[in-house]
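A.B. asks: The primary structure of each chain is shown beneath.
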Amino acid sequence: MKLTKGEYCQFSLKSRLALLKEFGVLVTERYVNDQLLRIFKIYDFYVEVLYDLLNKSFLKAEPVYSTNLVEYYLTE
Amino acid sequence: MTNKTNQFFDTVDQIVTDGVNKGILHLYTEDMTLSGNNIMLKGRQVVNFGSCSYLGLEFDERLKLAAKSAVDDYGTQFSESRAYVSIRHYDELERLLMRLFDAHCVVTPTTTLGHIACLPVLVGNADAVIIDQQAHNSIQTAVQLLKARGVYTELLRHNRMDLLEEKIQQLRSKYRKIWYMADGVYSMFGDTSPVDDMYALMDKYAELHYYVDDAHGVSVYGLHGRGYVLNNRPFHPKMVVAASMAKGFASGGGVLLFPNAELARKVRTCGGPLITSGPMQPAALGAAIASAKIHLSAEMEEMQLELQENIRYARLLLQKHGLPLISKEEAAVFFIGVSLPKMGYNMIKRMLNAGYYLNLGIFPAVPMKNTGIRFTITRLHTFGQIEQMIATMAAEFPKALAEEGLTMAQIYKAFKMPLPEEVLLDKAVESVLAQSLDLVVTHVKSIHAVDKSLWNSMFEGRGSFDWEGLRVLEAAFQGHALKENNWQFDYLIVKDRTGKPVAATFATTALYKDDMLAPAEISAEIEMKRHADPYYLTSKVIATGSLLTEGKHFYTDQSSPLWKDAMQLIFEKLGLLQEENEASAIMLRDFHGVDQVMDSFLVDNGYFRMVMPETCMADIAHLAGKTDGESLRVSLSPKNRQSFSQFIARHENKFDVSIRQGAATDEEMAHWYQLYLNVKNRNLGLNTFALPESFFEEMGKSSAWEVIELRVKKAFDYESIEEPVAVAFCYKSGTTYNWMLVGLDYTYNKTYNVYRQTLYQVMRRAMQIQCNKVHLGFSAGIEKRKMGAIAHDTYAYMQTKDTFNLEVIAAMNVRGSAYQH
Chain A
1 MKLTKGEYCQ FSLKSRLALL KEFGVLVTER YVNDQLLRIF KIYDFYVEVL YDLLNKSFLK
61 AEPVYSTNLV EYYLTE
Chain B
1 MTNKTNQFFD TVDQIVTDGV NKGILHLYTE DMTLSGNNIM LKGRQVVNFG SCSYLGLEFD
61 ERLKLAAKSA VDDYGTQFSE SRAYVSIRHY DELERLLMRL FDAHCVVTPT TTLGHIACLP
121 VLVGNADAVI IDQQAHNSIQ TAVQLLKARG VYTELLRHNR MDLLEEKIQQ LRSKYRKIWY
181 MADGVYSMFG DTSPVDDMYA LMDKYAELHY YVDDAHGVSV YGLHGRGYVL NNRPFHPKMV
241 VAASMAKGFA SGGGVLLFPN AELARKVRTC GGPLITSGPM QPAALGAAIA SAKIHLSAEM
301 EEMQLELQEN IRYARLLLQK HGLPLISKEE AAVFFIGVSL PKMGYNMIKR MLNAGYYLNL
361 GIFPAVPMKN TGIRFTITRL HTFGQIEQMI ATMAAEFPKA LAEEGLTMAQ IYKAFKMPLP
421 EEVLLDKAVE SVLAQSLDLV VTHVKSIHAV DKSLWNSMFE GRGSFDWEGL RVLEAAFQGH
481 ALKENNWQFD YLIVKDRTGK PVAATFATTA LYKDDMLAPA EISAEIEMKR HADPYYLTSK
541 VIATGSLLTE GKHFYTDQSS PLWKDAMQLI FEKLGLLQEE NEASAIMLRD FHGVDQVMDS
601 FLVDNGYFRM VMPETCMADI AHLAGKTDGE SLRVSLSPKN RQSFSQFIAR HENKFDVSIR
661 QGAATDEEMA HWYQLYLNVK NRNLGLNTFA LPESFFEEMG KSSAWEVIEL RVKKAFDYES
721 IEEPVAVAFC YKSGTTYNWM LVGLDYTYNK TYNVYRQTLY QVMRRAMQIQ CNKVHLGFSA
781 GIEKRKMGAI AHDTYAYMQT KDTFNLEVIA AMNVRGSAYQ H
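Protein chains in written order, with my numbering: chain A, 1 to 76; chain B, 1 to 821.
Don't read these hints as lab results, they were simulated from the structure. Misleading hints may appear alongside valid ones.
[What the hints assert, rightly or not] A few chain B positions that, by computed beta-carbon distances, are all more than 10 Å from chain A:
| hint | residue |
| --- | --- |
| 1 | Glu404 |
| 2 | Thr407 |
| 3 | Asn486 |
| 4 | Ile522 |
| 5 | Glu579 |
| 6 | Tyr607 |
[What the hints assert, rightly or not] Think about it this way: if two alpha-carbon atoms lie no more than 27 Å apart in a straight line, the pair counts; the simulated DSS-like pairs of lysine-lysine are:
| hint | chain 1 | residue 1 | chain 2 | residue 2 |
| --- | --- | --- | --- | --- |
| 7 | B | Lys540 | B | Lys445 |
| 8 | A | Lys14 | B | Lys654 |
| 9 | B | Lys293 | A | Lys60 |
| 10 | B | Lys293 | A | Lys2 |
| 11 | B | Lys552 | A | Lys60 |
| 12 | B | Lys540 | A | Lys14 |
| 13 | A | Lys14 | B | Lys320 |
| 14 | B | Lys529 | A | Lys2 |
| 15 | B | Lys750 | A | Lys60 |
| 16 | B | Lys342 | A | Lys60 |
| 17 | A | Lys21 | B | Lys801 |
| 18 | B | Lys413 | B | Lys445 |
| 19 | B | Lys320 | A | Lys2 |
| 20 | B | Lys293 | B | Lys342 |
| 21 | A | Lys60 | B | Lys801 |
| 22 | A | Lys21 | B | Lys320 |
| 23 | B | Lys680 | B | Lys626 |
| 24 | B | Lys399 | A | Lys2 |
Idealized CB from N, CA, C, for every residue including glycine.
The following block holds chain B by itself, in its conformation from the complex (with noise of 0.2 Å):
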């Protein structure tokens, strides 16, 4: 056994030494004061990255103000046990920290002596401990006490959930607990212990208990800061939290977090450390008081996301330049394979003379084999930084690799990661199997060659799109002498082998104006320019939908494994269609929210996302086959009934309601198609053509579509009209309601909110009909969340033919290159 020890301690003495030689290891920073990320090493200025502060907060004046004034009013120190006496800071930070966590808390002068303090207090001998190969040092130093203690302690195959079952099974009837103890974030590779899988497994073993060090995780995510382990998640009753506030808490010292006031009571009592050690000092815990309150504030969000973002773009930057980054969790530290010592030790030493200290990830932190650069990015990293060292780091890494004799595929041999082109090549052979055995693609131009049940079964309710919309629609927008008029329609259903659909859409390819989304001032200058040359700046588009029709176009059944591959095979045959098409851009509409899962896969497949105007819609389903005004607006929050009162229910006497279906009249007719343009051509904030009379001529010819029509009663009209005032034309679609357009006579929309009088009557006549949703569409979210709609963010997906733009900027005269503001 001592040899052994000796053994070790002569391995890591060799392999440190010969790192402190290199001029990698053991170093000192020459700067007379610091206030950001560079350092002088060596009598160089170099990029750190190897702060685990990940927040930045050790510049922060609040910390380092609190710090000082702790300093003045207390000493350097306060030299005695916390058994006997603590310094007041301790009671204003343990309060603090409780309510950051969420739990009852010990502080302690470091993570290391928290896990001394606390382990041996916490596990009895009756106990086993299983720990997972990688958990901190720290964690490992501690269960030599236990050890000392005759406790059985068990090594676990790292994050090995199944091995772990395997072993409660066999142990269970011998222990009164088992503790598992590893780390949140291991501070090592950047990943992550499984958390949700333990929560799992400690529901389903009574015996199971969680020991985690989260050290790396603090400040980095969860509310207030409160780490990996607790980001959105309970504390767990059979659960202990070790945290460090010398990482992004940026004071120095740890905190153990308990489920209940009871253990933490024990330990701050019984633990070892806390009766015989001497505690933090007053610079420390003033420090630390401010970084709490920063960690509750506001604040806090903000600046975990700008690091998330720093995190992000390191992450892409890595990917994109192929290096063998060994976690793919978006943690602060980053681990790049290298395996052998020698070729960490060049890389190391080739970055430093680029201008970065990164760290050297060796024995005995890793295995000896596993050697690899670590580094971490923080929240005062540029992103000019980040992008010039990863930039450096893909430059230097083939050369170090020939240097070493080495090759990328040892590399990943080394960590037993596939080969990234082994990757593609099986991702690739995957989908063209799955593609060849189980997926086929139908296409056809028009909405008669669908079966209705089966394109209903997919689309009915989601907008004015099922089959009864589409046959509408492309009775209208075919044999118009102007091209805006004209629609192309494809219709896309992939279906797997036993004929089930997996994904599905249907294309129109339109003229669009290029101002469509521009904001409205400029469509205005565009629009005086199109008096001369009505298709100026106007660009074919395939796109998803089609201009008249708002929702989800998008059909995947994501519970079947190929619909990733059937996406992949609508977006080939929106590309050949494009080119068939002469259209310049795909656009894939409208999508809620952002579905990280799909936003990837659509980034994968070269869209980028692009920013649509909200879109408005209300649940009614508690409201169906109700008539009143009355059951709405007692369904609005107190300042919306109030609204509703004032604008709506004071005007609603003055108003004749019809509803029409079937055919108008030419006069009837032409009279709402003038009301339809009167509020398209005011509002410029989503610019499109106007639509065709023949549009409402074919609505007027199907069952499905209706017109809201609101007269002001004679009594009322001073302006004698006589007409109607507005028209709202809505669909049914199943037991959804879609208002899909609105048209206007202004002359009393002021005095009688005609407007707010047109959405008040669709949102009737949807609870008649006993809908249980309404689309009320773009625009004047306002006025429809007043009336009880959540406005959804929306964004569509585009794809264009981009060298165009490169032309362009080589012919014009680059004016600058300032950023302002």
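One chain only, chain A, in its complex shape (with noise of 0.2 Å):
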């Protein structure tokens, strides 16, 4: 069943690693200075995870909100 990117929002950052740990698939990543920025497909969205590799933990993952940047993210 996919939960839409509000429900998915409603989760932890702890709780939406792990969802797509389970069911998102990695599309793309690259560096970003000190962080390392990935991008998920899950249900029918994108969702955007930065981690920094200094502190090693997670910073956030939140649904790409711009069409374009997704695309973005995947030609650059």
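Using the hints, build the complex out of the two chains.
C.D. replies: Here you go:
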């Protein structure tokens, strides 16, 4: 059963990551200075995950709100 | 009487035997070892959804080691009544439990024995007992002992506090105490006792006392896992709580909690099983001590959160699949109504065949026609296990219904619940009626068409978007050659039939940079590409508020019963405006913290929550009218005072500060604008288009705006800059001072801490003009907090047109499915 973006955002960061782990597909990743940025596809939307390489901690896992930005991440 | 008793047991025997014959009751695990939630039943691996060990602590090495160690030290048992000697572990455990529950306690071998030990001591012959019809069988069993003594007992319809109050009024003159007995979380349906109502009734009626079994609430809820009843509540002096250590606690045993030491002593001394029965054995005591220590540690909150997330996920999926979930509460126990036993057997068997073990909720635990599938969620379940189990249940449910010749309507009827379609229809009818009868939406495209006093009654003091603030914005953002500088304004006000506003907002449609909230480094990269194409990665967005306002842009009168309908009307209008203005997304800003009611309402309406940068506000009501920096300094924490002295007070004498209102010369304006650009171009964390110069010109014409200018005094101006090195653009709305923009010359920023000095001067100015509150805006939260501001988590809600996403994914090369980290 697919969750909507709104339902996905009801969960904590830890649970959002767990959902990505179980149901998401890694689409692309890139290094941005000391951060690792990953884009996952889950259900019918994309999620931007930001991981702080220095502190070894996840900073966010948020649906990407702009379709143009998704395209940018995929093509750049 | 004998016949009735026999008849009851005959029925139980018949039902249970039927279940045993069908292979779903009296099962045994066949695994040699267990380490998680998979068990082997009848040669098949299944996922166990029947465990009440909600935190999964039974596999925690600390509990296992403690149990083994206790056995090594004391053997497999210590077979003496606690009336004579208890092993030292009891003392340690009871001390830990006193801290955990913040109550006086007595440990018992089981919760059932706890009831049997406690109730005969607690309840006198001159007392009356009212027992909830769904109270756990173990309480009902103990109450039989009271009945035998001739104590007046009566059954109460489940959770009917109105009927309880009637009973109290009837009985209070005849009995010394009236005991209401209930469960905290009911073990079958997973619903809860109305504890707040009980506290109120106990405060109202001196005779009323509350005996509550919180076996399924302990560990799951509250500080240190104190349980549902004690979650965020003090221990009521007329209450006794029985808890279990054989569920979330994972050790076995029970515990009775008392409001005072004397009552605990009396039960410990006189309670039958505590005199004549055997104690808890060393292994269980050792595990209980280890579990209590975990409950008292910081780890507990995280474990509870993980469990709550699993519960939330299961509940969400059940709702989405439209399965008949009986209780809507956030308990770890779930009950899916199936009405008749045959449907229950059918479903449990189907689930078992599909690899999921769930409990059958059947007579005598529930009434015959209220049979159901009872299952539990623990911290050990994964989202995948939950998702697959519920998907299987949803797929098998219609097949079982067809096989048993039942309908969904019959199930809902058996549980006296309206069908989901009926609920939706009722809501729609209510909404349509409410809207057609009572609510009127006004939509205008300029603030000039809105009554000034009406608008200010809703928005004054919330930010720079009272009537005057919006007039300035409208004047500034129109008629430009660059499309990003032309904003469309829409004002929406919903009033009830008396003309009172129930909800209101304003929206602007403007061009946004798609990377507005992306990491600054990404924005820097994209900005390079924008040199060639300024509109690369930009989209039109309709947002409540604007790119230049901050604060609560939504007005709702939540005391009105129609506020949700009013919001619904606004959403509908925003949807139309999105199409009309050709915007790709709707953004609702700025929500401080998560208001659960509003949050679920917005999610229901297709919005998702996203994190915005935190925003800072300072409450300075206590400083209003004071103009000296010292008053501000002493109001800060000792640590921040030190920072204030070191970075701000030390440099204060190096600046000339002036407050500017009204028009500035062209040269001054050009300089201010450059200072603004200096800051804007450095700050890509919230990446927006640069404001047009016309905004600064319009600002100069408004008496509500003022500019705080900081110049370095000649004696310290070794670079001979002479012109202002900082400008703060501020807006006064009611008694709120809003720092909207800053401009800086970075030459002296490090040596004289110019930014901090500007922040301080903003605070001083707000004090001087007797404001109660200062909005300090996004970013630089650390510095603002040092000045006494409080940072608020800020969220926006988005609704996007997502179809493009799917096209993109179709066209791309998916590089892998691995999730790392």
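A.B. asks: Now, for every hint given, state plainly whether the structure supports it.
C.D. replies: Evaluated hints:
1. Remark: the non-interface label on glutamate 404 of chain B is consistent with the geometry, its nearest Cβ contact in chain A lying 25 Å away (cut-off 10 Å).
2. No beta-carbon of chain A comes within 10 Å of the beta-carbon of threonine 407 of chain B; the shortest separation is about 23 Å.
3. Listed as a non-interface residue, asparagine 486 of chain B keeps its Cβ farther than 10 Å from every Cβ of chain A; the least gap is roughly 20 Å.
4. Once the 10 Å rule is applied to beta carbons, isoleucine 522 of chain B is inconsistent with being away from chain A; the minimum gap is 6 Å.
5. Even its closest Cβ contact with chain A, about 17 Å, leaves glutamate 579 of chain B beyond 10 Å, as expected for a residue assigned away from the interface.
6. The beta carbon of tyrosine 607 of chain B is not kept farther than 10 Å from every beta carbon of chain A, the shortest such distance being approximately 6 Å.
7. Simply put, lysine 540 of chain B and lysine 445 of chain B have alpha-carbon atoms about 18 Å apart, close enough for the 27 Å limit, and the pair holds.
8. For the given pair, lysine 14 of chain A sits about 49 Å from lysine 654 of chain B by alpha-carbon distance, which is inconsistent with the 27 Å threshold.
9. For the hint linking lysine 293 of chain B to lysine 60 of chain A, the alpha-carbon distance of about 32 Å lies beyond 27 Å, and the restraint is violated.
10. At most 27 Å may separate the alpha-carbon atoms for a hinted pair to count; lysine 293 of chain B and lysine 2 of chain A exceed this at roughly 39 Å.
11. Distance hint between lysine 552 of chain B and lysine 60 of chain A is fulfilled; the C-alpha atoms sit about 24 Å from each other, no more than 27 Å.
12. Simply put, lysine 540 of chain B and lysine 14 of chain A have alpha-carbon atoms about 32 Å apart, too far for the 27 Å limit, and the pair is violated.
13. Among the hinted pairs, lysine 14 of chain A with lysine 320 of chain B is consistent with the structure: their alpha-carbon atoms are about 22 Å apart, no more than 27 Å.
14. Restraint check for lysine 529 of chain B and lysine 2 of chain A: not satisfied, since their Cα atoms lie roughly 36 Å apart, outside the 27 Å limit.
15. The suggested pairing of lysine 750 of chain B with lysine 60 of chain A is violated, with an alpha-carbon distance near 31 Å, which exceeds 27 Å.
16. For the hint pairing lysine 342 of chain B with lysine 60 of chain A, the CA-to-CA distance comes to about 48 Å; that exceeds 27 Å, so the pair is violated.
17. The suggested pairing of lysine 21 of chain A with lysine 801 of chain B holds, with an alpha-carbon distance near 26 Å, which does not exceed 27 Å.
18. Straight-line distance between C-alpha atoms of lysine 413 of chain B and lysine 445 of chain B comes to about 50 Å, which puts the hinted pair past the 27 Å bound.
19. For the suggested pair lysine 320 of chain B and lysine 2 of chain A, the alpha carbons sit about 9 Å apart, so the restraint of at most 27 Å is met.
20. Taken as a hint, the lysine 293 of chain B and lysine 342 of chain B pair is broken in the structure, with Cα atoms around 45 Å apart against an allowance of 27 Å.
21. Under the criterion of a C-alpha separation no larger than 27 Å, the hint pairing lysine 60 of chain A with lysine 801 of chain B is consistent with the structure, at around 22 Å.
22. Pair hint lysine 21 of chain A plus lysine 320 of chain B holds up; C-alpha atoms about 22 Å apart against a cutoff of 27 Å.
23. Restraint check: the Cα-Cα separation between lysine 680 of chain B and lysine 626 of chain B comes to about 32 Å, which exceeds 27 Å; the hinted pair is violated.
24. Our distance criterion of 27 Å between C-alpha atoms is met by lysine 399 of chain B and lysine 2 of chain A, whose separation comes to about 22 Å.
Checked against the numbered hints above, the structure breaks hints 4, 6, 8, 9, 10, 12, 14, 15, 16, 18, 20 and 23 and satisfies the rest.
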